[in-house]
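Participant: Okay, here's what each chain looks like letter by letter:
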Amino acid sequence: ELKVEQNPLFLSMQEEKNYTIYCNYSTTSDRLYWYRQDPGKSLESLFVLLSNGAVKQEGRLMASLDTKARLSTLHITAAVHDLSATYFCAVEGGSYNFNKFYFGSGTKLNVKP
Amino acid sequence: DSGVTQTPKHLITATGQRVTLRCSPRSGDLSVYWYQQSLDQGLQFLIQYYNGEERAKGNILERFSAQQFPDLHSELNLSSLELGDSALYFCASSGRRGGWDNEQFFGPGTRLTVL
Numbered sequence: 019e020l021k022v023e024q025n026p027l028f029l030s031m032q033e034e035k036n037y038t039i040y041c042n043y044s045t046t047s048d049r050l051y052w053y054r055q056d057p058g059k060s061l062e063s064l065f066v067l068l069s070n071g072a073v074k075q076e077g078r079l080m081a082s083l084d085t086k087a088r089l090s091t092l093h094i095t096a097a098v099h100d101l102s103a104t105y106f107c108a109v110e111g112g113s114y115n116f117n118k119f120y121f122g123s124g125t126k127l128n129v130k131p
Numbered sequence: 008d009s010g011v012t013q014t015p016k017h018l019i020t021a022t023g024q025r026v027t028l029r030c031s032p033r034s035g036d037l038s039v040y041w042y043q044q045s046l047d048q049g050l051q052f053l054i055q056y057y058n059g060e061e062r063a064k065g066n067i068l069e070r071f072s073a074q075q076f077p078d079l080h081s082e083l084n085l086s087s088l089e090l091g092d093s094a095l096y097f098c099a100s101s102g103r104r105g106g107w108d109n110e111q112f113f114g115p116g117t118r119l120t121v122l
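Residue numbers (our numbering), protein chains in the order written: chain L, 19 to 131; chain P, 8 to 122.
Because the hints were derived from the structure by calculation, they are not lab data.
Since we're looking at a predicted model, the values are computed, not measured.
Accuracy of the hints is not assured; some may be wrong.
[As the list claims (entries may be wrong)] Have a look at the derived ranges for each label pair, beta carbon to beta carbon:
#1 L:GLY77 - P:THR12: 25 to 31 Å
#2 L:TYR40 - P:GLU82: 33 to 39 Å
#3 L:GLU34 - P:ASP108: 30 to 36 Å
#4 P:THR12 - L:LEU89: 33 to 39 Å
#5 L:LYS130 - P:HIS17: 31 to 37 Å
#6 P:LYS16 - L:GLU23: 28 to 34 Å
#7 P:GLY35 - L:GLU76: 21 to 27 Å
#8 P:ASP47 - L:ASN25: 15 to 21 Å
#9 L:ASN25 - P:SER45: 18 to 24 Å
#10 L:LEU27 - P:ILE67: 24 to 30 Å
#11 L:THR45 - P:ILE67: 17 to 23 Å
#12 L:HIS93 - P:GLU61: 36 to 42 Å
The beta-carbon is built from N, C-alpha and C at its ideal position, and this holds for glycine as well.
Hey, can you work out the whole structure from these sequences and the hints?
Facilitator: Okay, here's the thing in structure tokens:
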């Protein structure tokens, strides 16, 4: 079974600092997704990465995918308090459209003023 | 608002009982996924339906079952409930015709409490 590991699990950072969340997975896949979850809320889709070398950016967040290393990163630039949330990566395994999804444990980000 | 709706929002029941959770996907989406989120297990994929057919099964217990109806809404049935089934249950949808990826859009969830 595909395993997904995120680290760190908890991240407390100051505003205006940069940091990276890592998502490693155990078997071949070239489809990876990042989600955000606010406390008591549902998950919100952030990025869809569908090929090796894919890079997507939205505001202060940038996600990338290296399928050979089985690694995705979510980079936070100049963090602000509004980014405080839990971030999940999810890896899709199997044939197109009929896949199981494997989620990481989540990284709880707290941005302190 | 993702466009995915789930009912009820909260459900409190007793051990041994049976409940049904309902999900309506985004307009045009053909796939529905069910997840269980708990503090100790994290976010666990339960089952996926695509256009009425079961397509992928995850860590779904035998006491749980699901179906997707012709109008594409889905129901998750949980029976012989145990205390450990208390969790947040999410439904997600994806897969509009012609779409390439399986980006999922999550509903607001149903919080199940088993007493």
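Participant: If a hint holds in the structure, say so; if it does not, say that too.
Facilitator: Cross-check of the supplied hints:
| no. | hint | result |
| --- | --- | --- |
| 1 | L:GLY77 - P:THR12: 25 to 31 Å | holds, 28 Å |
| 2 | L:TYR40 - P:GLU82: 33 to 39 Å | holds, 37 Å |
| 3 | L:GLU34 - P:ASP108: 30 to 36 Å | holds, 33 Å |
| 4 | P:THR12 - L:LEU89: 33 to 39 Å | holds, 36 Å |
| 5 | L:LYS130 - P:HIS17: 31 to 37 Å | holds, 32 Å |
| 6 | P:LYS16 - L:GLU23: 28 to 34 Å | holds, 32 Å |
| 7 | P:GLY35 - L:GLU76: 21 to 27 Å | holds, 24 Å |
| 8 | P:ASP47 - L:ASN25: 15 to 21 Å | holds, 19 Å |
| 9 | L:ASN25 - P:SER45: 18 to 24 Å | holds, 21 Å |
| 10 | L:LEU27 - P:ILE67: 24 to 30 Å | holds, 26 Å |
| 11 | L:THR45 - P:ILE67: 17 to 23 Å | holds, 21 Å |
| 12 | L:HIS93 - P:GLU61: 36 to 42 Å | holds, 38 Å |
In terms of the numbered hints stated before, the structure departs from none.
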